[in-house]
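There are 2 protein chains.
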Amino acid sequence: MTDLVIRNVRPLGKAATDIAVAGGRIAAMGTNLPANGALVEDGGGALLLPGLIEAHTHLDKTLLGMDWVENVVASDIRSKIDNEREMKGVLGLDPALQSARQVVMSIARGTTAIRSHVDIDTTYGLAGLEGVAATRERYADVIDLQIVAFPQSGMMIRKGTVELMDEALRQGADIVGGLDPCAIDFDPKGHLDVVFDLAVRHGKPIDIHLHEPGELGLFTFGMILERTRAHGLAGKVTVSHAFSLGMNDYLRVGRLLDEIAGAGVMLMSTGPAGVPVPPLIRALDAGIAFCSGTDGMRDLWNPYGNADMLQRAQILADRNNLSRDAEVERALDVCTFGGAAVMGLPDYGLKVGDFADLVLVEGRTLTEAVVTLPQRKLVVKRGRVVARDGEALVEAA
Amino acid sequence: MTDLVIRNVRPLGKAATDIAVAGGRIAAMGTNLPANGALVEDGGGALLLPGLIEAHTHLDKTLLGMDWVENVVASDIRSKIDNEREMKGVLGLDPALQSARQVVMSIARGTTAIRSHVDIDTTYGLAGLEGVAATRERYADVIDLQIVAFPQSGMMIRKGTVELMDEALRQGADIVGGLDPCAIDFDPKGHLDVVFDLAVRHGKPIDIHLHEPGELGLFTFGMILERTRAHGLAGKVTVSHAFSLGMNDYLRVGRLLDEIAGAGVMLMSTGPAGVPVPPLIRALDAGIAFCSGTDGMRDLWNPYGNADMLQRAQILADRNNLSRDAEVERALDVCTFGGAAVMGLPDYGLKVGDFADLVLVEGRTLTEAVVTLPQRKLVVKRGRVVARDGEALVEAA
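Protein chains in written order, with UniProt numbering: chain B, 1 to 397; chain W, 1 to 397.
Hints are not guaranteed to be accurate.
[What the hints assert, rightly or not] Okay, the calculated beta carbon distance ranges per label pair:
hint	chain 1	residue 1	chain 2	residue 2	range
1	B	VAL275	W	ALA326	18 to 26 Å
2	B	ALA74	W	GLU70	40 to 48 Å
3	W	LEU251	B	THR123	34 to 42 Å
[As the list claims (entries may be wrong)] No more than 30 Å apart at the CA atoms, straight line, and that leaves these computed lysine-lysine pairs for DSBU-like:
hint	chain 1	residue 1	chain 2	residue 2
4	W	LYS14	B	LYS80
5	B	LYS236	B	LYS351
6	W	LYS204	W	LYS14
7	B	LYS204	B	LYS14
8	B	LYS14	W	LYS80
9	W	LYS189	W	LYS204
None of these hints come from the bench; they were simulated from the model.
All C-beta atoms, glycine included, are put in the ideal place defined by N, C-alpha and C.
Using the sequences plus the hints, can you model the full thing?
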């Protein structure tokens with residue numbers, strides 16, 4: 001029983017084909033597929049991509065749709081953390097509504113799965129989790145949403161946070177978050193022991209924000225690798241940002257990347273312009289699962305971001321000085337297959353039998369789509385059309 | 001005799017006003033200005049900016065509108081130069097048509113003045129200049145266009161190039177270009193002596209591409225400063241890119257920035273993600289005239305770029321880790337007033353008496369416009385509407 005046929009699309013830029021969807025999965029690909037009474041969409045020769053994967057964002061605290069807030073905070077992470085925790089209350093930020101707003105923007109831009117961190121702290125308790133979990137429930141048919149319990153304000157330095165993290169994981173957070181075990185928590189052993197203990201006890205993966213630069217970050221990386229191996233957590237640990245891998249010591253970083261690959265630790269980089277970043281091609285060549293994301297957007301940290309993972313591929317490619325088409329395509333792959341690998345999404349891709357999470361965009365080549373950022377012509381989630389011509393077919397309000 | 005009245009606009013985010021234009025200049029600002037039979041546009045409360053300034057690009061060699069060319073070239077500058085010189089002939093690139101295409105894109109995005117480098121070399125002679133000069137003539141009423149004679153393939157290393165540069169300046173190039181006196185030309189004294197001699201003899205300003213990194217770039221900078229002072233060329237010399245000023249030595253770079261300010265040398269940075277950049281805020285605080293540009297776009301060097309100088313302000317701000325509204329506004333200022341200062345554009349701005357080069361965009365604040373990149377609602381050049389709702393009212397074909 002075919003539900004949907006999309007005619008004349010070019011999967012990842014290859015020869016034009018039709019694609020038939022049944023039961024939320026790709027049922028057939030080929031020319032002149034029979035419609036059998038199913039809904040038919042004309043792809044018009046557009047590029048066909050698998051759904052874009054937003055593997056690192058903070059849905060609970062975007063200011064999208066709220067009054068404009070002038071940013072006057074200092075640029076160091078500690079100041080941004082403290083300012084945000086205070087201002088969320090002043091502004092009366094609603095995590096359910098704000099996360100819905102960003103989810104709708106993401107769907108309009110072709111994202112079919114999101115991993116979001118949510119703040120867990122002693123000021124707001126589990127309010128962020130509850131709000132984003134409500135959004136996860138509300139949009140369950142149109143997007144996959146993973147939630148990371150994230151101790152944004154620190155864990156060892158704020159008594160009561162560990163217990164809240166434990167409770168968050170019991171109440172539905174999917175992943176154990178961590179944050180700068182040295183630079184924010186000032187207790188790398190304590191912090192990482194708690195993170196890995198929570199992961200083991202709850203049987204859940206780990207995703208650690210590691211902004212720590214240079215030698216400090218490499219030191220922490222060593223401790224993360226040691227614990228990943230000791231607990232047998234290959235394929236279950238992601239290190240996000242990993243600025244320290246941008247250190248200007250190619251041989252040393254190269255050796256560490258091989259070690260990271262060997263331990264089955266995964267990486268996330270947003271490709272930020274103003275700080276060192278992990279060398280993308282070297283990391284991919286080492287065999288590391290590598291994903292990307294928008295990070296916080298239009299929030300109390302910074303005004304930037306638009307939830308467009310096609311643009312994120314461009315940013316990531318440009319940040320890594322990639323100009324050749326074949327390299328730009330690898331950056332796009334990070335925002336599709338890389339994200340799916342890190343998030344552990346089953347049956348992701350463009351093969352018959354895969355879930356029908358699909359995006360159509362105009363472009364002669366994949367690289368042209370990455371640099372021109374065409375409107376998403378059609379976005380399909382599990383076989384259902386969820387956005388068309390840049391507009392989501394679901395609402396946030 | 002009023003020609004145009006735009007009602008209800010907020011100049012640089014300030015209180016709403018009307019603006020009246022006569023004879024290509026701003027004739028009056030205030031509420032309820034009389035129309036006196038002039039054309040009336042409703043600004044609808046939009047932000048009013050002075051025309052955006054594209055102070056560094058390469059109009060002669062974009063591939064816009066041509067067949068897609070897969071980029072397979074190595075990433076070093078020398079390889080890119082040689083590949084481009086060869087491929088321009090293979091592709092039959094037409095500098096007049098290609099520059100027209102990019103100019104139209106720029107106008108649609110609110111740019112009212114462009115400084116373009118054009119390649120001068122012994123393979124193509126003055127063909128680039130002739131093509132872009134034809135475009136300058138063709139669009140004279142709708143955009144200001146300055147042309148830099150640019151020895152892209154090197155000058156001392158290619159016999160006959162100096163004579164071509166001289167001829168280009170006689171035939172209408174406005175500015176003397178230069179390029180990596182050490183790294184490309186391997187003769188800093190010879191290269192800079194020629195550049196400054198051409199400038200003095202033709203009475204024209206200088207704009208030098210300086211990609212040279214670290215100590216090498218600082219060495220060349222010293223030679224440029226010395227010659228600028230010796231020839232009394234304060235306010236006439238621009239150093240573009242200036243990656244060496246991104247060196248991680250704050251005190252030393254700070255002292256050099258003060259010296260640059262003292263010599264009246266100006267800077268251009270596109271805010272590239274993957275290389276060091278001059279520290280924007282420190283340079284502005286030193287009093288340096290600072291502009292920005294798209295650089296080469298959709299060309300044989302790299303596939304990126306969209307000629308949007310509002311987005312360039314965003315890129316520049318993000319690259320310099322600027323998140324506070326007041327800082328983001330300084331990056332926007334670089335793409336308006338900074339560009340006008342470097343290009344020496346007379347009567348630029350939003351005061352009565354200034355030329356009516358105007359852009360209207362939606363946004364609650366200037367920073368919101370920089371991060372959301374709204375379509376340009378209206379673009380006015382010398383009092384004439386040249387673009388509306390993101391579309392130029394002139395054509396390239």
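For which of the previously enumerated hints does the structure constitute a violation, in increasing order of number? Hint check: 6 and 7 fail, others pass.
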